[in-house]
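There are 2 protein chains.
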Amino acid sequence: VTEAEQAVCEVNRRFYEALAALDVEQMDAVWLQEDWVECVHPGRELLTGWLEVRKSWEGIFANTRRMQVEVSSVLVRIEGTVAWIACTERVTSLFESGFDEALVQATNVFLLRDGVWKMVAHHASPLLGPSRAVLQ
Amino acid sequence: VTEAEQAVCEVNRRFYEALAALDVEQMDAVWLQEDWVECVHPGRELLTGWLEVRKSWEGIFANTRRMQVEVSSVLVRIEGTVAWIACTERVTSLFESGFDEALVQATNVFLLRDGVWKMVAHHASPLLGPSRAVLQ
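Protein sequences, first through last, are from chains A and B.
Position 50, counted from 1, in the first sequence is what my numbering calls 50; the numbers after and before it change by one each time, with no gaps.
Position 6, counted from 1, in the second sequence is what my numbering calls 1006; the numbers after and before it change by one each time, with no gaps.
Here chain A stands alone, though its shape is the one from the complex (with noise of 0.2 Å):
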């Protein structure tokens, strides 16, 4: 494992922890905030721009009482100033209602500015959990 490569994977491991505490202002740290920043949540549309990437995350945070999140399978690839992780997040959550359990696929894209590793992009897709495979 490289330098950058640890560089990179501590972002991403940042990225979850404002997820798991639901902190929208972690979540400032790890972004590139411009107007061009990519993200997908499980099922959902594109949302490009980080004011609306930010506000995605407000209401998702303002939505959940708890949050907890395992992150496994961690890949991580840098070519130049651009770095990808694929990962696999067992997210928890618990709402008002009652919580939900749900494992997702991720694919986090990085850009080295200014020294520091930014997100620009997250692509997170719903993955059939072993359980509900085997009733297909």
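A couple of the hints might just be wrong.
[Claimed, not checked] Facing chain A, according to a computed beta carbon distance under 7 Å, are these residues of chain B, among others:
hint, residue
1, 1040
2, 1043
3, 1105
In short, the hints are calculated from the structure, not lab data.
Every residue gets a Cβ at the ideal spot worked out from N, C-alpha and C, and that includes glycine.
Assemble the complex: chain A is given as a structure, and chain B must be docked to it using the hints.
Relative to the frame of chain A, chain B by itself:
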């Protein structure tokens, strides 16, 4: 639109032509054939490595009689020798047993190798279509 953006969009277009043609040899020409390339089909787990990715296309193509693909909302971004595209796919598949229409959000990553842009990651995830969203 820069020349590089045009070149990346052209490879993206050829990827979807390969898909619609159910032609794995056209896929061979589009992808970088290395053991770390990544592919997530809608609702499925991450596949890594060209052999595994190619096998998945062969499986999909063997089980599909015809496929029609309409691509829209293409956003392209290039940084150095890496490019990524966000786009929406409307995929109509005809099987032995019937047909399926799916709206899909995709993130495609490309690398410039020896002057040619090659696909290195494809992440496709199901979107709720407008009609189904209304029913929620």
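Structure-based check of all given hints:
no.: 1; hint: 1040; in the structure: holds (5 Å)
no.: 2; hint: 1043; in the structure: holds (6 Å)
no.: 3; hint: 1105; in the structure: holds (5 Å)
Taken one by one, the earlier hints all hold for this structure without exception.
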